[in-house]
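For chain A, the structure is supplied; the task is to place chain B on it using the hints.
Quick mapping for you: the protein sequence lines, in order, are chains A and B.
Our numbering numbers the first residue of the first sequence as 2 and each following residue consecutively.
Our numbering numbers the first residue of the second sequence as 2 and each following residue consecutively.
Calculated from the structure, these hints are not laboratory results.
Please note that the accuracy of each hint is not assured.
The list treats identical chains as interchangeable, and a pair is accepted whether it falls inside one copy or across any two copies.
[As the list claims (entries may be wrong)] Listed below are the simulated DMTMM-like cross-link pairs for lysine to aspartate or glutamate, each with C-alpha atoms no more than 20 Å apart in a straight line:
{"#": "1", "residue 1": "Lys-30", "residue 2": "Asp-138"}
{"#": "2", "residue 1": "Lys-347", "residue 2": "Asp-300"}
{"#": "3", "residue 1": "Lys-31", "residue 2": "Asp-138"}
{"#": "4", "residue 1": "Lys-30", "residue 2": "Asp-302"}
{"#": "5", "residue 1": "Lys-347", "residue 2": "Asp-150"}
{"#": "6", "residue 1": "Lys-347", "residue 2": "Glu-370"}
{"#": "7", "residue 1": "Lys-30", "residue 2": "Asp-325"}
{"#": "8", "residue 1": "Lys-347", "residue 2": "Glu-296"}
{"#": "9", "residue 1": "Lys-31", "residue 2": "Asp-325"}
{"#": "10", "residue 1": "Lys-31", "residue 2": "Glu-369"}
{"#": "11", "residue 1": "Lys-30", "residue 2": "Glu-369"}
{"#": "12", "residue 1": "Lys-31", "residue 2": "Glu-296"}
{"#": "13", "residue 1": "Lys-347", "residue 2": "Asp-302"}
{"#": "14", "residue 1": "Lys-347", "residue 2": "Glu-359"}
{"#": "15", "residue 1": "Lys-31", "residue 2": "Asp-379"}
Predicted model only: the values in this text are computed from it and were never measured.
Protein chains: 2
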Amino acid sequence: MPVRYTAPTPDSLLPVAGVALGAAAARIKKWDRNDLLLVVCDPGTVAAGVFTRNRFAAAPVQVCREHLAAQAASGASLRALVVNAGNANAGTGASGLADARAECVAVARLVGCAPEEVLPYSTGVIMEPLPVGRIIDGLPAAQAAARADGWFDAASAIMTTDTVPKGASHRVVVDGVPITVTGIAKGAGMIHPDMATMLAFMATDAPIAAGVLASLVREVADVSFNGATVDGDTSTNDSFVLAATGYAPMAPITSPDDPRLPAMRTAIEACAVALAQAIVRDGEGATKFIAIRVEGGVDADECRRVAFGIAHSPLVKTAFFASDPNLGRIVCAIGNAAAPDTDVTKVSFWLDDVQVVERGGRAPTYREEDGQRVMRQDEITIRVALGRGAAAATVWTCDLSHDYVSINADYRS
Amino acid sequence: MPVRYTAPTPDSLLPVAGVALGAAAARIKKWDRNDLLLVVCDPGTVAAGVFTRNRFAAAPVQVCREHLAAQAASGASLRALVVNAGNANAGTGASGLADARAECVAVARLVGCAPEEVLPYSTGVIMEPLPVGRIIDGLPAAQAAARADGWFDAASAIMTTDTVPKGASHRVVVDGVPITVTGIAKGAGMIHPDMATMLAFMATDAPIAAGVLASLVREVADVSFNGATVDGDTSTNDSFVLAATGYAPMAPITSPDDPRLPAMRTAIEACAVALAQAIVRDGEGATKFIAIRVEGGVDADECRRVAFGIAHSPLVKTAFFASDPNLGRIVCAIGNAAAPDTDVTKVSFWLDDVQVVERGGRAPTYREEDGQRVMRQDEITIRVALGRGAAAATVWTCDLSHDYVSINADYRS
Chain A
2 MPVRYTAPTP DSLLPVAGVA LGAAAARIKK WDRNDLLLVV CDPGTVAAGV
52 FTRNRFAAAP VQVCREHLAA QAASGASLRA LVVNAGNANA GTGASGLADA
102 RAECVAVARL VGCAPEEVLP YSTGVIMEPL PVGRIIDGLP AAQAAARADG
152 WFDAASAIMT TDTVPKGASH RVVVDGVPIT VTGIAKGAGM IHPDMATMLA
202 FMATDAPIAA GVLASLVREV ADVSFNGATV DGDTSTNDSF VLAATGYAPM
252 APITSPDDPR LPAMRTAIEA CAVALAQAIV RDGEGATKFI AIRVEGGVDA
302 DECRRVAFGI AHSPLVKTAF FASDPNLGRI VCAIGNAAAP DTDVTKVSFW
352 LDDVQVVERG GRAPTYREED GQRVMRQDEI TIRVALGRGA AAATVWTCDL
402 SHDYVSINAD YRS
Chain B
2 MPVRYTAPTP DSLLPVAGVA LGAAAARIKK WDRNDLLLVV CDPGTVAAGV
52 FTRNRFAAAP VQVCREHLAA QAASGASLRA LVVNAGNANA GTGASGLADA
102 RAECVAVARL VGCAPEEVLP YSTGVIMEPL PVGRIIDGLP AAQAAARADG
152 WFDAASAIMT TDTVPKGASH RVVVDGVPIT VTGIAKGAGM IHPDMATMLA
202 FMATDAPIAA GVLASLVREV ADVSFNGATV DGDTSTNDSF VLAATGYAPM
252 APITSPDDPR LPAMRTAIEA CAVALAQAIV RDGEGATKFI AIRVEGGVDA
302 DECRRVAFGI AHSPLVKTAF FASDPNLGRI VCAIGNAAAP DTDVTKVSFW
352 LDDVQVVERG GRAPTYREED GQRVMRQDEI TIRVALGRGA AAATVWTCDL
402 SHDYVSINAD YRS
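Only chain A is shown next, with the shape it has when bound in the complex (with noise of 0.2 Å):
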């Protein structure tokens, strides 16, 4: 169960007008749900997104870069994403990215576009063989599917350890226009940044400039998906893309200055920052939503990396499962994380409300049954103050539980 995550109904997940969706059921793997998805675009959809920074990037991977970098160089549309569920088609060498590029032209015959014009999408299992000839088998049940209100449905079918679909959708009025933003993701384990999520697809209806959304999907990103981290690692599939139709009638946001952006991208920070902590919130075992914010620092850089410190303590992590507040161990990550020329004597933070160390040391007032209090909540915040600068950062994770250990013991079988 996730920490106080609604999952979204069919009703709760907006159309965006030319974005249709549908799902179906290739047996990636020997299970009887859907596990194959397909997105179709109208013509004019353009689109950006950002990817795993891990060096094993898999084959799907490798082709949305080159299909996303081929539609900005031509001005092509995205016109498809194919996902499917069971299979990674990561570490597999040649005849995985052959297999990729075999799913877009298999897409683009039946959508009538360009290969360049479909992005593939994989999670799973890593260097197992991509079973492509079911994929491909499987694609005209998907299309038969889709439909503009299947946001629901596909979220469901790219599933994996989740145990919840995860999606989100916000509305905003923009000049009188109202403009739809609508995701999905999936993800639980093998979570951190840089994707932080393994797979997530948003599309507004907003008619956002390629060149414009391309530096956007960055920001977003930075301040959604970057900040979650489940057990520390980056997958091999980590994609999101974000994907504007241009429907809605007003003229194209052509410049990143346009005082019409501010508002949209507001909505579509809250859609990924919704998605983000929804993966946290179901990550694998977790019993508890844990918000680190680490303020103080020098720069950006340097809070992220202290409350990654933190977040990534197996210590930390067994402590609030345990819901003990054995909160040296804090006080350890935090020593291991900062700056090697920080003044400890001007360390502090907070749980929740209490202050449990003071400029370096235990803080007078702390008492152990103020601890014990907001340890046993099931969402805690933890503040750090560094003393060293204006900057600050905000990650999420969960505890490290008995479910995390069996529920990756037993992933394959």
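Coordinates of chain B only, in the frame set by chain A:
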């Protein structure tokens, strides 16, 4: 139960002339066991050490650094080491520092030396005030118990979550003179370089001069304790001190080029490697011992980064726990830790004798049943070839089991 580790017996830990060790029960926690150790060294003993790089270095670590620097500057001896288990005296601010100094003053009075000739170690819970009164009260009993063959009792007194005492002895004959090296260590969690061990103390009767010893202790740490990781958390208290009493009847070794040094170094390294591996073999919840050797790097640092990247991946560690050859997780971990300009099509890796990845893709000869066979073993070597240069490095780790979560969720209860 540690993985393939035969704990020392009282007879297997050889006395080192000039060193006496005595343990006592100071009731640092509510337990019925020895938790205080006093090591007394004869005048003329020289020492050098390496300590945690955690910015929240514990009070005893700060005092050790000061006192070793004072000994080096003045030519004073190491006359005593005082160790307590159950409380780390870390994150305790100015009062913790005063407590650590008070301990040294009390020991100095008892032994008859200067406070600067005493080193303090502490291990246990972070951010609790040190019960320094109980330690000082326990010192006379520890002194009364001190004997040359007290190494085994000493190793037992400093345990925390360790399941077995850890010690090793080596003897080597140099120029016809037998040289003895004996050491003890403790540590099972919060284990990561630098330093990898919570606490280690080694002594030799070799007449190694202070200057030579200072370089030697760093070199030895790099090939032993700094290659050991259980959970990636560098503790606030990690300390390794190497003492030389000079009792062996031979001329002092005052130059790093002394031809007698290599044989001694080999014995000292063997002792340190045995202790470092013992810590990993007794890692919290460990069911497997995993050696990770990375070859073909541009430099040793690059190889260590990749090796630790594999060693710290919770997904890799849980796969080992499950004996599941889900080896794509190793691919993913290499991809995250490798240098950005790594050409993955030159990367290969092996699990013992089984080649899993060849030039960036699944090795054509790899068969699941071969991977399964090796994964079932309780001791496994991962060998990675990066194909970039001639450097190499080895680290040791263990798996991540349900017991790790249980031990760390329940640590303070």
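Hint check results:
no., hint, result
1, Lys-30 <-> Asp-138, "within (15 Å within a copy, 66 Å between copies)"
2, Lys-347 <-> Asp-300, "within (17 Å within a copy, 36 Å between copies)"
3, Lys-31 <-> Asp-138, "within (16 Å within a copy, 67 Å between copies)"
4, Lys-30 <-> Asp-302, "neither (40 Å within a copy, 40 Å between copies)"
5, Lys-347 <-> Asp-150, "neither (53 Å within a copy, 46 Å between copies)"
6, Lys-347 <-> Glu-370, "neither (25 Å within a copy, 55 Å between copies)"
7, Lys-30 <-> Asp-325, "between (40 Å within a copy, 17 Å between copies)"
8, Lys-347 <-> Glu-296, "within (12 Å within a copy, 42 Å between copies)"
9, Lys-31 <-> Asp-325, "between (41 Å within a copy, 18 Å between copies)"
10, Lys-31 <-> Glu-369, "between (50 Å within a copy, 18 Å between copies)"
11, Lys-30 <-> Glu-369, "between (49 Å within a copy, 17 Å between copies)"
12, Lys-31 <-> Glu-296, "neither (48 Å within a copy, 38 Å between copies)"
13, Lys-347 <-> Asp-302, "within (19 Å within a copy, 31 Å between copies)"
14, Lys-347 <-> Glu-359, "within (8 Å within a copy, 50 Å between copies)"
15, Lys-31 <-> Asp-379, "neither (35 Å within a copy, 31 Å between copies)"
The earlier numbered hints that this structure contradicts are 4, 5, 6, 12 and 15.
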